[in-house]
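**Q** So you can see what is in the structure, the chains are spelled out below.
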Amino acid sequence: MHPTQSSQFEHASLKNYLLDHAYDEMFTGLGDLHRHCEPLLEHFSALPSEELQRRKQAADLSFLNQGITFTVYGREEGTEKIFPYDLIPRIITASEWATVEHGLTQRITALNLFLKDIYNEGRILDDGIVPREVVYSCKHYRRQMMGLQVPRNVYIAVCGTDLIRLENGEFVVLEDNLRVPSGVSYMLTNRRVMKRIFPQLFRSYNVRPIEQYTQLLLGTLRSLAPEGRPEPNIVLLSPGVFNSAYFEHAYLARQMGIELVEGRDLVTHDNVVYMRTTIGLRRVDVIYRRVDDDFIDPLAFRGDSILGVAGLFNAYRAGNVTLANAFGTGVADDKALYAYVPEIIKYYLSEEPVLKNVETYLLTRPKERQHVLQNLDKLVVKAVGESGGYGMLIGPQSTKAQQEEFARKIEADPRNYIAQPTISFSRAPCLIGDELQPRHVDLRPYVLYGDKVTIVPGGLTRVALNQGSLVVNSSQGGGSKDTWVLSQ
Amino acid sequence: MLSRVADSLYWMSRYLERAEHTTRLLDVNLNLMLDESPISAERRWQRVLQALGKPKNVEWTGEPYALTQALTFDTENKASILSCIIAARENSRHVREQISTEQWHRLNSLYLQVTRPEIQSQTQSEALVQGMTQPSEFLQSVMEAVHQFQGVTDSTMNHGEGWQFIQVGRYIERACATALLLQAYHVDLWGHSERIVDGNEYLDWMGLLRSATAFEAYCKVYTADLTPDQIFEFLLLDEEFPHSIRFSIDSLQCALEKIQGDSGKARAETLRRLSGRLQSSLNYSSVDEILNQDVLGYLGNIQAQCRAIHETIYELYVDYSIQAALAG
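Top to bottom, those sequences are chains P and W. Just so we're aligned: the first sequence equals residues 1 to 488 in UniProt numbering. Just so we're aligned: the second sequence equals residues 1 to 328 in UniProt numbering.
Any given hint could turn out to be false.
[To be verified] Partial list, derived from the structure: chain W residues whose beta carbon lies under 10 angstroms from chain P:
id, residue
1, Leu2
2, Trp11
3, Ile86
4, His94
5, Trp104
6, Leu316
7, Tyr317
[Said to hold, decoys possible] The calculated label-pair distances, taken between Cβ atoms and stated as ranges, are:
id, chain 1, residue 1, chain 2, residue 2, range
8, W, Ser100, P, Tyr136, 45 to 53 angstroms
9, W, Asp154, P, Asp20, 37 to 45 angstroms
10, P, Arg203, W, Leu112, 53 to 61 angstroms
11, P, Gly257, W, Asp35, 53 to 61 angstroms
12, W, Ser141, P, Ala94, 49 to 57 angstroms
13, P, Leu166, W, Lys78, 55 to 63 angstroms
By construction, these hints were calculated from the structure, which means they are not laboratory data. Where is the CB? At the ideal position from N, CA and C, for every residue including glycine.
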């Protein structure tokens with residue numbers, strides 16, 4: 001990024017704070033800031049640098065001692081890392097949030113209708129709104145789900161949609177995570193640490209609470225229980241302690257008071273799922289699964305999986321157990337399908353999308369592919385089925401060799417990639433050393449869909465902690481900060 | 001409770017008990033070593049190894065600090081203090097949502113304390129290898145941390161099934177450790193008391209008692225007159241001392257009964273018989289009878305019974321066959 005307008009602020013801790021064309025979450029221009037950020041900046045400016053460092057260390061230590069860590073794959077040592085935490089909260093006003101909430105509710109409603117449709121009648125395909133081949137060629141499409149009745153027609157019970165802010169401050173959707181979205185435990189623990197480290201500051205703002213998330217999640221899961229199971233036994237299925245999100249699985253299970261199970265704890269018999277307990281087998285009714293489709297049932301899907309439960313899919317098909325999210329939801333977060341979501345919203349709800357998409361090039365279309373191949377140095381290319389920041393090319397920050405590699409990959413399998421313009425999404429001040437510097441941030445609110453749609457105000461703000469970086473994923477060195485939604 | 005959870009809690013507890021025991025043996029013997037002639041050193045450290053069940057890959061090479069090093073930090077040795085703490089923490093990590101936050105914090109802090117590289121390099125420094133410094137500060141801090149963990153466990157965790165499995169793990173490990181300790185000392189103290197030639201037998205007996213944290217408790221019961229038979233009786237049969245074998249088995253039996261209460265008595269018949277038999281045999285024995293028989297065999301038999309109890313716990317609660325469970 002080359003700042004188009006750079007300048008120095010008066011305050012010492014802001015001397016390296018450069019504004020550029022990206023939207024800034026705190027400043028509107030030189031020396032001018034969003035009104036709701038005034039008390040925040042005042043508070044931080046008043047703190048001596050040593051005091052700030054002391055609180056930063058207290059926060060880090062608190063994360064380390066609590067073991068709030070994630071696992072980085074592919075490294076031999078130090079695989080457990082704390083998720084870097086930035087002390088400066090990000091603030092979203094009540095009216096901004098109202099728009100986000102409205103847009104996300106609309107989006108999850110439409111995507112659920114879409115999943116029900118494509119796994120049943122397929123009206124949207126018949127009407128040619130979404131091309132059949134886009135759905136059927138998706139690697140997350142599950143033929144086994146055709147014609148299956150899903151409790152309450154809820155395919156996506158938990159969704160984490162990634163939003164970014166454009167230069168004009170407008171929130172747009174970067175991608176949907178409809179399979180096993182993670183990060184919500186960081187949202188909750190960030191808040192808890194923030195309240196402990198900056199109680200006065202927190203009190204001076206009217207921040208809407210988020211603590212109720214786990215209870216809402218439990219309620220959502222309970223509402224999905226199979227018929228005739230009034231007191232359902234709900235469990236959280238985790239791949240186990242080596243999974244990068246294991247901390248979160250344990251955290252959520254404990255907060256909800258449900259069992260955290262692994263595949264080896266479950267058995268199926270006569271299409272009923274049981275868990276193995278010290279007093280024998282106990283029936284399981286609802287599974288909040290944090291294991292991908294591919295690995296969840298070695299009989300139905302990948303035979304080499306040791307994380308799953310043999311026979312789970314049959315029990316599911318028989319209606320004896322509910323899974324959240326359902327099998328096959330990944331088809332709706334395929335990055336090529338993403339391009340059609342605005343059309344999907346219009347088709348099912350007859351409404352205009354409140355939250356826009358980022359412009360997306362589909363590489364199966366020859367004209368768009370041609371354009372992308374000629375502009376690889378300007379665009380972002382993403383593999384459609386990947387997540388966690390893997391399988392990406394960020395044009396302006398890539399080498400010629402990387403661009404050539406992606407060009408080859410795209411030509412070999414155009415369906416597997418999409419391209420988007422490199423968006424300089426919004427930046428928020430972060431404490432780097434002892435000064436504030438702007439870093440790119442996104443926002444992942446968590447949407448629950450059961451009896452109704454519920455979104456706790458806020459979400460996980462992820463930060464690209466490396467200067468200029470546009471990648472916020474924790475597996476790529478990103479961090480996070482507390483996200484405050486104001487009640488007025 | 002999930003079988004896997006019971007399994008992890010049980011092992012978390014066993015590993016910590018083992019870490020504490022090894023730590024104390026090292027601390028006690030490093031301390032006593034300073035008062036002793038070099039001639040008895042060899043026998044002392046061989047006895048330590050014996051009392052730890054002769055860990056694999058660890059040999060006495062004539063260098064106490066090197067041995068301490070291996071028993072403390074060598075992760076090749078699965079019984080080293082470090083290995084045990086890592087294993088305990090790993091087990092607790094698998095059941096984080098089952099233990100209290102306070103427990104996790106205490107154990108995680110201990111883990112960070114012993115695995116932080118700078119701690120190791122400080123303690124492993126050349127000064128240590130050359131015998132210039134004592135690692136006792138480190139060993140003390142580990143023992144304190146384990147004691148704190150036990151306190152936090154008792155005061156913050158539901159005393160339900162999970163807590164009972166923690167008790168089972170702790171006391172089965174402790175009973176075996178005390179039996180092994182008595183075996184290791186028996187050869188020298190009761191079998192061939194004439195072998196103690198340098199008049200330092202008092203130190204050896206004191207060392208034995210301290211290895212089981214029993215010195216002060218023993219003195220309260222028998223005064224500071226250390227006699228081998230009374231020591232044996234105290235460590236084997238005392239009803240009120242937490243490290244005696246009898247106390248351990250009583251506590252084990254009590255925890256198993258609570259667990260059986262939850263899971264149904266009929267299922268647990270075999271286990272009840274095994275643990276009940278061991279408990280009664282200890283409750284109705286006299287020290288003279290035992291000392292008149294094959295003592296090593298007797299102690300070995302207690303360990304064998306503990307192993308049988310362990311295996312039965314597994315068959316009953318952890319690794320049972322699905323067919324049997326569905327039929328039942």
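**Q** Does each hint fit the structure? Answer for all of them.
**A** Verification of the supplied hints:
{"no.": "1", "hint": "Leu2", "in the structure": "holds (5 angstroms)"}
{"no.": "2", "hint": "Trp11", "in the structure": "violated (14 angstroms)"}
{"no.": "3", "hint": "Ile86", "in the structure": "violated (12 angstroms)"}
{"no.": "4", "hint": "His94", "in the structure": "holds (5 angstroms)"}
{"no.": "5", "hint": "Trp104", "in the structure": "holds (7 angstroms)"}
{"no.": "6", "hint": "Leu316", "in the structure": "holds (8 angstroms)"}
{"no.": "7", "hint": "Tyr317", "in the structure": "holds (4 angstroms)"}
{"no.": "8", "hint": "W:Ser100 x P:Tyr136: 45 to 53 angstroms", "in the structure": "holds (50 angstroms)"}
{"no.": "9", "hint": "W:Asp154 x P:Asp20: 37 to 45 angstroms", "in the structure": "violated (58 angstroms)"}
{"no.": "10", "hint": "P:Arg203 x W:Leu112: 53 to 61 angstroms", "in the structure": "violated (32 angstroms)"}
{"no.": "11", "hint": "P:Gly257 x W:Asp35: 53 to 61 angstroms", "in the structure": "holds (55 angstroms)"}
{"no.": "12", "hint": "W:Ser141 x P:Ala94: 49 to 57 angstroms", "in the structure": "holds (51 angstroms)"}
{"no.": "13", "hint": "P:Leu166 x W:Lys78: 55 to 63 angstroms", "in the structure": "holds (57 angstroms)"}
Violation of the numbered hints given earlier is confined to hints 2, 3, 9, 10; the remaining hints are satisfied by the structure.
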